[in-house]
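Asker: Each chain, letter by letter, is given below.
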Amino acid sequence: MTATTTSALPVNLGDGPFAVSTAGLVKRYGSSTALNGVDLQLPEHAVYVLVGPNGAGKSTLLRTLMGLVRRHAGDVNVLGADPGLEGGHVRGRIGYVPEDHRFGYSWLTVGQLLEHHAVYYPSWDPAYARRLTEMYDVDPDKKCHTLSKGQSRRVQLILALAHRPPLLLLDEPTDGLDHVVRDATLSILSEHLADSPTTVLISTHRVYEVEPLVDHVGVLSDGRLLGQLPRGDLRGSLLRYSADVPERWSLPKEIGGRVVNRRGRAREIEWTVWGDRDEVTRGLSQAGATVREVASLSVDEAAIALFSGEEAGS
Amino acid sequence: MTDATVERTPAFRAVWREQLHVVGLSIQREVVIAAALLGLFCLAGVVLARFPALLALMGEGSLADFRLDPAEPGLGLIGVFAALLLPLIVWKGERPFGDTPIWSLPVDHRRHALTKVAVGWVWLMVILGGAFLCVVLATLAGGGALGADEVRQLITDGAAFSDGEAGATRGVAWTTPWWEWVQPFTAATAAYMLASALLLATAYPYRWAVVLYVLGAVPFLVLEFFEIDSLQRGVDLFAWFIGAEDFVRFVRLPTGEFARGWLSLPTMGMWIASAAFWISVGVACVVAASSRVRDH
Numbered sequence: 000m001t002a003t004t005t006s007a008l009p010v011n012l013g014d015g016p017f018a019v020s021t022a023g024l025v026k027r028y029g030s031s032t033a034l035n036g037v038d039l040q041l042p043e044h045a046v047y048v049l050v051g052p053n054g055a056g057k058s059t060l061l062r063t064l065m066g067l068v069r070r071h072a073g074d075v076n077v078l079g080a081d082p083g084l085e086g087g088h089v090r091g092r093i094g095y096v097p098e099d100h101r102f103g104y105s106w107l108t109v110g111q112l113l114e115h116h117a118v119y120y121p122s123w124d125p126a127y128a129r130r131l132t133e134m135y136d137v138d139p140d141k142k143c144h145t146l147s148k149g150q151s152r153r154v155q156l157i158l159a160l161a162h163r164p165p166l167l168l169l170d171e172p173t174d175g176l177d178h179v180v181r182d183a184t185l186s187i188l189s190e191h192l193a194d195s196p197t198t199v200l201i202s203t204h205r206v207y208e209v210e211p212l213v214d215h216v217g218v219l220s221d222g223r224l225l226g227q228l229p230r231g232d233l234r235g236s237l238l239r240y241s242a243d244v245p246e247r248w249s250l251p252k253e254i255g256g257r258v259v260n261r262r263g264r265a266r267e268i269e270w271t272v273w274g275d276r277d278e279v280t281r282g283l284s285q286a287g288a289t290v291r292e293v294a295s296l297s298v299d300e301a302a303i304a305l306f307s308g309e310e311a312g313s
Numbered sequence: 000m001t002d003a004t005v006e007r008t009p010a011f012r013a014v015w016r017e018q019l020h021v022v023g024l025s026i027q028r029e030v031v032i033a034a035a036l037l038g039l040f041c042l043a044g045v046v047l048a049r050f051p052a053l054l055a056l057m058g059e060g061s062l063a064d065f066r067l068d069p070a071e072p073g074l075g076l077i078g079v080f081a082a083l084l085l086p087l088i089v090w091k092g093e094r095p096f097g098d099t100p101i102w103s104l105p106v107d108h109r110r111h112a113l114t115k116v117a118v119g120w121v122w123l124m125v126i127l128g129g130a131f132l133c134v135v136l137a138t139l140a141g142g143g144a145l146g147a148d149e150v151r152q153l154i155t156d157g158a159a160f161s162d163g164e165a166g167a168t169r170g171v172a173w174t175t176p177w178w179e180w181v182q183p184f185t186a187a188t189a190a191y192m193l194a195s196a197l198l199l200a201t202a203y204p205y206r207w208a209v210v211l212y213v214l215g216a217v218p219f220l221v222l223e224f225f226e227i228d229s230l231q232r233g234v235d236l237f238a239w240f241i242g243a244e245d246f247v248r249f250v251r252l253p254t255g256e257f258a259r260g261w262l263s264l265p266t267m268g269m270w271i272a273s274a275a276f277w278i279s280v281g282v283a284c285v286v287a288a289s290s291r292v293r294d295h
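Protein sequences appear in the order of chains L and U. Quick note, the first sequence lines up with residues 0 to 313 if you use numbering that gives the first Met the number 0. Quick note, the second sequence lines up with residues 0 to 295 if you use numbering that gives the first Met the number 0.
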């Protein structure tokens, strides 16, 4: 038995300052709605992971921030500018790793592709680009069309990082990377964040791969932003409660609205509930449940609970 | 240095130079293949012109009047066909619609698209210029002449000319004017602009090319069927501009020989008017089509 509700999750991160914000963002493809009134708030210098299942609208959201797709409604502010009005200016301050691994100029060598990008980004750091190329063990003489998925991803990460942009938009950045390269990427990103003040928005459905970097979490499902909050709040307030309940027992109303996920059978039930731990525990106890365990969730477990209604490991 | 003081967008000149470079790389393979074929063709022409015995061995006549006339129907069409195909190569690896790398770069989309089209045009002129130079050199190497220098028979009485009667024409001295050497370039420019506009405006340029071809053929069929002379004149002018028409008509004389007569002789005014019209249409279409790829 599962049930999910996320109405209790916060979506407002306060007054900012925000590197990126959207208000009521709507994007439709024909009759289907990819983004449905999204109010994204990405605090300056935060590492914000946007989680959601495939088709949730994550890539569309990132592409909208890049000015790559036309929005149907809503406001978008990226580093103080609207990408629809000042697209070139906005993109110059973004390091973007697209979902697609393919390069347009597949006949270029990696070295030529890096030189091509260096021309377009006046802030390109050639020494840093060389260092990243070495760290990622990328052969500059190799033609782009001969690169594997993982190698292409590495090159895309170099292209995104080497001009030291104030904002990184990374769409499934670890897709195609093996464990070793994935760990190396996390180290490179950590080092990059330490060297250059950068705001990062990572879109992924594999949160565990980037979890060590993350300090904010947003959950997108069916084009709706179900919640966004600091990671600390998520860990402290989204908890899994295991309890034994008597027969014909029902959840107290004041808690029911905050249940993100419920599973279990007969008298042994587990809830993932958003709220103050003591308050929820007290509410359950007063309703006759015997709370056996209260456990915090990893960001990955929380994300899966939020967008699928099925907790990790269930 | 704060981020506000860091220059984040490239200068237009840098974008222009880089596009020249990258488009040059993208067309490299096709240009090399075309140049090799053209070189072989020119070499064969020179050899046959210099060694007429080879022609005789092949059972062909001699190259008695070996000359390069830029107004020869078909010659200009080669440039037009090349111009129609070039946008596909210029935009190789990029799609006007879609998440391709060019649109992720820090340049206004519309300006970037127009820059790429302009750069492609520069390369088209370089390629056509090179091809023309090659053909001119081959003609000279083969001992041929450049341009026409002749007396042309201008048809003064169409019906009489069709009947092969004498006195239906009058002779007019004709030397290939300078602008006829430029005409293939202007025709190719117009064709390139129209093809680029089609590529920028539609997600399915091949389908639209077929649709436009069919739609374009309809007026021809209507004109032929209803014999609307005034409109036929406009179609003829278009065909002449792109190098598919030279206003020459042939008639079989009672002696069995063929006589050649000109319905009219082209003028610089015709060329300027045609070039201005079609290039303006092409550029206007490109500018309009570029709004499809503007920033969102």
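Just so you know, the hints here were simulated from the structure itself, not pulled from any lab data. Given the structure is predicted, the values throughout are model-derived calculations rather than measurements. Among the hints, erroneous ones may be present.
Pairs of lysine-lysine, DSS-like flavour, derived with a Cα cap of 27 Å [what the hints assert, rightly or not]:
| no. | chain 1 | residue 1 | chain 2 | residue 2 |
| --- | --- | --- | --- | --- |
| 1 | U | Lys91 | L | Lys148 |
| 2 | L | Lys252 | U | Lys91 |
| 3 | U | Lys91 | L | Lys141 |
Asker: All hints are to be evaluated individually against the structure, with a verdict given for each.
Answerer: Hints and how they fare:
At most 27 Å may separate the alpha-carbon atoms for a hinted pair to count; lysine 91 of chain U and lysine 148 of chain L meet this at roughly 21 Å. Pair hint lysine 252 of chain L plus lysine 91 of chain U does not hold up; C-alpha atoms about 61 Å apart against a cutoff of 27 Å. A threshold of 27 Å between alpha carbons decides the hint, and for lysine 91 of chain U with lysine 141 of chain L the separation of about 19 Å falls inside it, so the pair holds.
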